[in-house]
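Protein chains: 2
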Amino acid sequence: MVGMNVMRVFTITGSNPALLNCSSRILSSPVKSTKLGCLKTSTCSYTTSSHPFGKLLFRQLFEKESSTYTYLLADVTHPQKPALLIDPVDKTVERDLSLVKELGLKLIYAMNTHVHADHVTGTGIIKSKVPGVHSVISKASKSKADLLIEAGDKIYFGDLFLEVRPTPGHTLGCVTYVTGDGPNQPQPRMAFTGDALLIRGCGRTDFQGGSSQELYKSIFSLPKNTLIYPAHDYKGFTVSTVGEEMLYNPRLTKDQDTFKHIMENLNLPYPKMIDVAVPANMVCGLQDLSSKPVEAASN
Amino acid sequence: MVGMNVMRVFTITGSNPALLNCSSRILSSPVKSTKLGCLKTSTCSYTTSSHPFGKLLFRQLFEKESSTYTYLLADVTHPQKPALLIDPVDKTVERDLSLVKELGLKLIYAMNTHVHADHVTGTGIIKSKVPGVHSVISKASKSKADLLIEAGDKIYFGDLFLEVRPTPGHTLGCVTYVTGDGPNQPQPRMAFTGDALLIRGCGRTDFQGGSSQELYKSIFSLPKNTLIYPAHDYKGFTVSTVGEEMLYNPRLTKDQDTFKHIMENLNLPYPKMIDVAVPANMVCGLQDLSSKPVEAASN
Numbered sequence: 001m002v003g004m005n006v007m008r009v010f011t012i013t014g015s016n017p018a019l020l021n022c023s024s025r026i027l028s029s030p031v032k033s034t035k036l037g038c039l040k041t042s043t044c045s046y047t048t049s050s051h052p053f054g055k056l057l058f059r060q061l062f063e064k065e066s067s068t069y070t071y072l073l074a075d076v077t078h079p080q081k082p083a084l085l086i087d088p089v090d091k092t093v094e095r096d097l098s099l100v101k102e103l104g105l106k107l108i109y110a111m112n113t114h115v116h117a118d119h120v121t122g123t124g125i126i127k128s129k130v131p132g133v134h135s136v137i138s139k140a141s142k143s144k145a146d147l148l149i150e151a152g153d154k155i156y157f158g159d160l161f162l163e164v165r166p167t168p169g170h171t172l173g174c175v176t177y178v179t180g181d182g183p184n185q186p187q188p189r190m191a192f193t194g195d196a197l198l199i200r201g202c203g204r205t206d207f208q209g210g211s212s213q214e215l216y217k218s219i220f221s222l223p224k225n226t227l228i229y230p231a232h233d234y235k236g237f238t239v240s241t242v243g244e245e246m247l248y249n250p251r252l253t254k255d256q257d258t259f260k261h262i263m264e265n266l267n268l269p270y271p272k273m274i275d276v277a278v279p280a281n282m283v284c285g286l287q288d289l290s291s292k293p294v295e296a297a298s299n
Numbered sequence: 001m002v003g004m005n006v007m008r009v010f011t012i013t014g015s016n017p018a019l020l021n022c023s024s025r026i027l028s029s030p031v032k033s034t035k036l037g038c039l040k041t042s043t044c045s046y047t048t049s050s051h052p053f054g055k056l057l058f059r060q061l062f063e064k065e066s067s068t069y070t071y072l073l074a075d076v077t078h079p080q081k082p083a084l085l086i087d088p089v090d091k092t093v094e095r096d097l098s099l100v101k102e103l104g105l106k107l108i109y110a111m112n113t114h115v116h117a118d119h120v121t122g123t124g125i126i127k128s129k130v131p132g133v134h135s136v137i138s139k140a141s142k143s144k145a146d147l148l149i150e151a152g153d154k155i156y157f158g159d160l161f162l163e164v165r166p167t168p169g170h171t172l173g174c175v176t177y178v179t180g181d182g183p184n185q186p187q188p189r190m191a192f193t194g195d196a197l198l199i200r201g202c203g204r205t206d207f208q209g210g211s212s213q214e215l216y217k218s219i220f221s222l223p224k225n226t227l228i229y230p231a232h233d234y235k236g237f238t239v240s241t242v243g244e245e246m247l248y249n250p251r252l253t254k255d256q257d258t259f260k261h262i263m264e265n266l267n268l269p270y271p272k273m274i275d276v277a278v279p280a281n282m283v284c285g286l287q288d289l290s291s292k293p294v295e296a297a298s299n
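Protein chains in written order, with UniProt numbering: chain R, 1 to 299; chain B, 1 to 299.
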């Protein structure tokens with residue numbers, strides 16, 4: 001599987017999904033209580049109709065130390081409930097896998113938007129703990145992973161899929177994963193931008209082959225109403241939209257020369273985790289796990 | 001307005017909302033770039049069709065020091081885009097009001113689920129900065145606010161509304177705000193539970209008139225598929241569901257006696273902010289603002 005390049009990478013297509021319906025209780029009395037025991041015996045799945053994104057189950061998860069967002073996506077109408085994690089962090093793998101288990105999901109991909117410099121990806125640990133999970137990163141990142149994706153690739157999980165859009169600038173190999181377009185796909189679309197586009201900001205462009213010119217050109221090629229889910233936020237925002245960032249992003253609303261000047265004069269300190277994180281993330285977090293029984297350890 | 005008790009509290013009903021449509025560009029080339037200038041001149045509003053909750057614009061915001069979530073809700077199809085904030089924090093008021101302004105919203109309510117003991121509410125500062133905003137808290141909290149709400153009250157913002165459901169236990173006056181039921185209301189419903197129900201946890205019950213018995217009885221009277229948005233999370237979760245908590249909440253899945261025993265033996269330290277936060281929050285954060293030109297300063 002190492003270095004495999006794919007246009008369609010997941011074979012569970014799961015037509016004719018059976019969407020279960022929960023019968024919601026609308027209480028006339030706001031403090032009417034129900035015994036816990038009978039609620040637990042209900043046969044209604046807690047994952048159905050429990051999310052505003054249609055058949056997509058979606059969870060945004062936060063790692064406080066590095067202010068990193070990890071995203072869990074699953075097709076809960078598919079019998080196997082195939083799921084993927086975007087940008088998992090090593091320190092929160094237990095939390096993420098516990099949630100995957102509780103929700104009854106089958107994790108099939110552990111994906112990275114790019115080679116992170118501020119934390120170690122959880123991909124390697126996940127692969128060691130969950131047989132069958134495949135690591136995913138862009139070919140342009142020059143990293144090792146089970147699946148090396150490129151522009152236009154579609155990553156299927158059940159009937160849902162993510163499109164791959166290169167958004168270089170922060171690093172040469174940055175990609176944005178965008179939910180698919182179509183009647184069964186979530187609307188509005190959702191973009192997992194990594195560090196390329198942050199809420200009211202963007203990733204630094206002075207390391208790892210970054211280029212402010214490339215970032216500037218690539219960043220607004222997404223549809224305007226796309227929901228932006230970045231890899232980090234330091235001010236407590238959880239989501240934005242492309243259109244909102246077009247109007248209010250303090251860097252990317254500048255003309256291209258001004259933007260380039262800003263990015264070249266940020267005078268940011270050397271990233272404290274870069275010398276640990278980048279070597280680890282170039283092999284999808286498998287560097288410390290080589291002596292352990294890791295699936296696809298040939299990475 | 002002080003102490004006013006209401007069943008319907010907002011008069012802008014805004015029928016016949018004009019839902020603008022954005023024409024999304026679906027790019028065949030994933031790296032096709034668009035000049036920023038022409039994008040900025042678009043007349044398409046960035047708030048329309050940019051959220052998965054129908055006419056509800058919804059933002060979850062995080063205050064890192066106290067791990068508090070603040071929620072911004074607005075009816076963006078109403079001409080005035082009326083909005084409310086649930087559980088704002090004093091330290092992040094500038095961020096919240098800046099977002100309200102950027103999104104073109106009209107803030108009408110600053111609401112609290114209860115008298116917080118771990119941070120000072122932002123309600124007072126908001127009232128001093130935005131004329132016309134009304135503070136909201138439960139009558140049972142015995143606090144001062146412009147609107148003292150009770151069980152069954154509906155708080156309208158445009159065509160959307162929140163229902164008030166008492167969920168005492170953490171404090172005597174805790175309420176949960178639940179989005180309305182109906183064809184124009186967001187589905188699934190969303191519950192802003194304060195500290196009554198946390199994700200895989202619940203608020204402590206050893207201060208401020210708390211009662212583990214009351215919390216236990218009240219907590220699962222919400223519909224099972226209701227999305228849970230708590231006032232805090234310390235592990236990086238952002239949302240859950242009532243059904244999920246019924247299955248996996250480590251405290252609330254216990255029988256009532258065991259739950260009571262757990263809550264009585266948590267041996268938690270005295271809350272470090274309680275002596276500052278509670279007196280301030282009993283007057284909705286207006287304690288330091290009495291000498292300033294605050295609207296409704298008679299609170």
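Calculated from the structure, these hints are not laboratory results. Fair warning: there could be bad hints in the mix.
[As the list claims (entries may be wrong)] Below, simulated DMTMM-like cross-link-like pairs (lysine to aspartate or glutamate); rule was C-alpha separation at most 25 Å, straight line: (1) B:Lys-91 with R:Asp-90; (2) B:Lys-64 with R:Asp-90; (3) B:Lys-55 with B:Asp-90; (4) R:Lys-272 with B:Asp-90; (5) B:Lys-254 with R:Glu-65; (6) B:Lys-235 with B:Asp-90; (7) B:Lys-101 with R:Asp-255; (8) R:Lys-142 with R:Asp-181; (9) B:Lys-139 with B:Glu-102; (10) B:Lys-272 with R:Asp-275; (11) B:Lys-55 with R:Glu-102; (12) R:Lys-235 with B:Asp-255; (13) R:Lys-64 with R:Glu-94; (14) R:Lys-101 with B:Asp-255; (15) R:Lys-144 with R:Asp-275; (16) R:Lys-139 with R:Glu-150; (17) B:Lys-55 with B:Asp-181; (18) R:Lys-64 with B:Glu-94; (19) R:Lys-64 with B:Asp-90; (20) R:Lys-272 with R:Asp-255.
[Said to hold, decoys possible] Here's a subset of chain R near chain B, in silico, CB distances under 7 Å, partners left out: (21) Gln-60; (22) Leu-172; (23) His-261.
[Claimed, not checked] Computed beta-carbon distance windows for the label pairs: (24) B:Leu-268 with R:Leu-247: 39 to 49 Å; (25) B:Ser-98 with R:Glu-65: 44 to 54 Å; (26) B:Ile-262 with R:Lys-142: 16 to 26 Å; (27) R:Glu-264 with B:Gln-187: 43 to 53 Å; (28) B:Gly-152 with R:Asp-275: 53 to 63 Å; (29) R:Gln-60 with B:Gln-256: 30 to 40 Å; (30) R:Lys-235 with B:Tyr-270: 22 to 32 Å; (31) B:Pro-250 with R:Thr-253: 43 to 53 Å; (32) B:Pro-131 with R:Gly-132: 43 to 53 Å.
Here a beta-carbon is modelled for each residue, glycine too, at the ideal position from N, C-alpha and C.
Going down the list of hints, with the structure as the test:
no., hint, result
1, B:Lys-91 with R:Asp-90, "30 Å, violated"
2, B:Lys-64 with R:Asp-90, "20 Å, holds"
3, B:Lys-55 with B:Asp-90, "28 Å, violated"
4, R:Lys-272 with B:Asp-90, "31 Å, violated"
5, B:Lys-254 with R:Glu-65, "32 Å, violated"
6, B:Lys-235 with B:Asp-90, "22 Å, holds"
7, B:Lys-101 with R:Asp-255, "23 Å, holds"
8, R:Lys-142 with R:Asp-181, "29 Å, violated"
9, B:Lys-139 with B:Glu-102, "33 Å, violated"
10, B:Lys-272 with R:Asp-275, "38 Å, violated"
11, B:Lys-55 with R:Glu-102, "31 Å, violated"
12, R:Lys-235 with B:Asp-255, "40 Å, violated"
13, R:Lys-64 with R:Glu-94, "15 Å, holds"
14, R:Lys-101 with B:Asp-255, "23 Å, holds"
15, R:Lys-144 with R:Asp-275, "18 Å, holds"
16, R:Lys-139 with R:Glu-150, "6 Å, holds"
17, B:Lys-55 with B:Asp-181, "14 Å, holds"
18, R:Lys-64 with B:Glu-94, "22 Å, holds"
19, R:Lys-64 with B:Asp-90, "20 Å, holds"
20, R:Lys-272 with R:Asp-255, "31 Å, violated"
21, Gln-60, "5 Å, holds"
22, Leu-172, "13 Å, violated"
23, His-261, "15 Å, violated"
24, B:Leu-268 with R:Leu-247: 39 to 49 Å, "45 Å, holds"
25, B:Ser-98 with R:Glu-65: 44 to 54 Å, "26 Å, violated"
26, B:Ile-262 with R:Lys-142: 16 to 26 Å, "51 Å, violated"
27, R:Glu-264 with B:Gln-187: 43 to 53 Å, "48 Å, holds"
28, B:Gly-152 with R:Asp-275: 53 to 63 Å, "59 Å, holds"
29, R:Gln-60 with B:Gln-256: 30 to 40 Å, "33 Å, holds"
30, R:Lys-235 with B:Tyr-270: 22 to 32 Å, "30 Å, holds"
31, B:Pro-250 with R:Thr-253: 43 to 53 Å, "46 Å, holds"
32, B:Pro-131 with R:Gly-132: 43 to 53 Å, "59 Å, violated"
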